[in-house]
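Student: The chain contents come next:
There are 2 protein chains.
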Amino acid sequence: MTEPKEHVLDWLRDAHAMEQQAEQMLKAQSGRLKHYPQLKARIDQHLEGTLGQQKIVAECIERLGGSTSTVKDLGGKLMAFAHAAGGMTMTDEVVKGAIMSYVFENLEIASYTALIAAAKRCGDLETKAACERILPQEQAMAQWLLEHIPSISTEYLQRSASGQEAKK
Amino acid sequence: MTEPKEHVLDWLRDAHAMEQQAEQMLKAQSGRLKHYPQLKARIDQHLEGTLGQQKIVAECIERLGGSTSTVKDLGGKLMAFAHAAGGMTMTDEVVKGAIMSYVFENLEIASYTALIAAAKRCGDLETKAACERILPQEQAMAQWLLEHIPSISTEYLQRSASGQEAKK
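Going down the list, the protein sequences come from chains A and B. Counting from 1, one number per residue, gives the positions in the first sequence under the numbering used here. Counting from 169, one number per residue, gives the positions in the second sequence under the numbering used here.
So here's chain A without its partners, still in its complex pose:
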């Protein structure tokens, strides 16, 4: 038997590890981008949001008596995923990077959706409210990326066809 509150604490730790990986991935992507200023600006904007989200999640963990130093199961898998997504140097990295950022945002959306339901079930309204503050920021970033993947792809194809540096 495991109390729902213990699961909430575990999932918050996963969320904290996730936000740390998001930070790494966004920094790596922003640092490499050269020819896609609009994408770079949106990533930088979301990077700031991500640092705020880390703080919000850490506060929830501390309030519940936990520590952010323990990385849960998901941590290692996320690390590998975000590392691959942030360090991609393939010929079409701008397109794959935008796709992977969108995927990562959706990991965050699903994780906070589960956390909101779990926190509600425990009557932990502070954790619920904290996750509800974060969720719309992830949704906005995911939406922006999905809307811009067509133009990023088309611009990439155009640059690549004309012999310009296209990938970043």
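Where hints are given, some of them may not hold.
Facing chain B, a subset of chain A residues (Cβ under 8 Å, in silico) [to be verified]:
{"id": "1", "residue": "MET1"}
{"id": "2", "residue": "THR2"}
{"id": "3", "residue": "ASN106"}
{"id": "4", "residue": "PRO150"}
{"id": "5", "residue": "SER160"}
Worth flagging that the hints you see were computed from the coordinates, not collected in a lab. Think of the CB as a built atom: it goes at the ideal place given N, C-alpha and C, for glycine as much as any other residue.
Take the given structure of chain A and dock chain B to it, following the hints.
Tutor: Just chain B, lined up with the frame of chain A:
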């Protein structure tokens, strides 16, 4: 200089590898689930759709003179990701599995969104139409999963708190 058509063919190969990994992941998840019949039924339904999608993508690749046997860069990364998602045996695998399936669906959504834009740019209306047939199936599965993540999470917490097998 790379012609847009070559990129479309590369991305179709990535999509084919992705659908093969989706098949593996869905099969593994469905095979393990015991106490979540609604989730299992939806996964099985999407598994059938996935086999149809593989065929559609393979036909596009063949029409463009390519072969599905060559796995592109993304293949290896996807394989590791889907393997991790399908083989998760952690204590909360049903919740993490639903989250990972949702994430994978969004990878498919983003990939077909890029492909539709690229195929349109090349005037390859057959590939564009093929991807437009697949996209709504991925969107429907993603939507279903996101809508059910709260109830799956709550049911998991309830089973776990009452000492029943909860994780699968």
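Student: Each hint needs a verdict: does it hold in this structure or not?
Tutor: Checked hints:
1. MET1: 4 Å, holds
2. THR2: 5 Å, holds
3. ASN106: Status holds, d = 4 Å.
4. PRO150: Status holds, d = 4 Å.
5. SER160: With Cβ-Cβ at 5 Å, under 8 Å, it holds.
Comparing the model with each numbered hint stated earlier shows that all of them hold.
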